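Asks: Protein chains in written order, with this note's numbering: chain X, 3 to 116; chain S, 569 to 678.
Keep in mind that the hints were calculated from the coordinates and are not lab data.
Here the structure is a predicted model, which is why all the values come from computation and not from measurement.
Just so you know, not all the hints are guaranteed correct.
[As the list claims (entries may be wrong)] Derived DSSO-like pairs (lysine-lysine); straight-line CA-CA distance at most 27 Å:
1) Lys638(S) - Lys59(X)
2) Lys624(S) - Lys675(S)
3) Lys624(S) - Lys637(S)
4) Lys638(S) - Lys594(S)
5) Lys59(X) - Lys594(S)
6) Lys15(X) - Lys59(X)
The primary structure of each chain is shown beneath.
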Amino acid sequence: KAGVTQTPRYLIKTRGQQVTLSCSPISGHRSVSWYQQTPGQGLQFLFEYFSETQRNKGNFPGRFSGRQFSNSRSEMNVSTLELGDSALYLCASSAGTSSLDEQFFGPGTRLTVL
Amino acid sequence: SQQGEEDPQALSIQEGENATMNCSYKTSINNLQWYRQNSGRGLVHLILIRSNEREKHSGRLRVTLDTSKKSSSLLITASRAADTASYFCAVTGGGNKLTFGTGTQLKVEL
């Protein structure tokens with residue numbers, strides 16, 4: 003089975019722009035979670051989707067949003083980018099019905115905001 | 569927050585030695601997981617231990633869980649240079665999300 007894929011792998015944006023990141027989970031996985039990783043804050047949970055519904059959300063401002071499609075692929079969007087949004091954004095999928103199970107991570111999208 | 573806290577933050581050992589890293593958390597959990605991350609890439613799941621388990625093995629990995637002390641340890645035996653990575657514990661408790669610790673950076677030198 004192909005692993006979790008994320009596109010693009012690298013992205014450079016300027017402040018005020020918006021960005022959309024994409025994640026394709028492992029075939030058959032219905033739960034997709036997103037995480038932000040920075041040197042200062044570590045790994046922080048953004049949100050989790052299951053069957054096109056957001057099931058859980060972390061403590062991020064409304065500029066961070068996401069969605070999941072009927073084929074389980076997921077996108078996250080960050081509007082009005084700030085310098086502090088520079089981070090590695092990781093997507094993970096799981097085979098179980100919740101994100102409490104083993105998570106399979108993609109390689110991440112490295113976002114740099116200038 | 570029930571975020572896991574790893575100890576030590578950094579660990580440097582020689583190839584062939586054992587590496588032990590610890591994780592402490594704050595509230596009751598459903599399970600605890602350990603992940604490895606190489607050089608800012610995606611995380612790889614190592615092992616999951618449920619709250620009613622005390623010890624689990626997988627290859628050269630041994631994980632223990634002490635729910636009374638709210639702590640877990642990961643032991644890597646006979647370490648190799650390829651084990652050089654950051655190791656994170658992650659806990660699941662109330663709510664449907666995984667909360668990661670701060671990580672231990674392990675360096676295995678030849």
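Asks: Each hint needs a verdict: does it hold in this structure or not?
Replies: Do the hints match the structure? See the list:
The suggested pairing of Lys638(S) with Lys59(X) holds, with an alpha-carbon distance near 25 Å, which does not exceed 27 Å. Simply put, Lys624(S) and Lys675(S) have alpha-carbon atoms about 24 Å apart, close enough for the 27 Å limit, and the pair holds. Between Lys624(S) and Lys637(S) the alpha-carbon distance is near 17 Å, which keeps this suggested pair within the 27 Å criterion. For the hint pairing Lys638(S) with Lys594(S), the CA-to-CA distance comes to about 7 Å; that is within 27 Å, so the pair holds.
Using a Cα cut-off of 27 Å, the hinted pair Lys59(X) and Lys594(S) holds, with the two alpha carbons roughly 20 Å apart. A hinted pair counts as satisfied when its Cα atoms are at most 27 Å apart, and Lys15(X) with Lys59(X) qualifies at roughly 25 Å.
Checked against the numbered hints above, the structure violates none of them.
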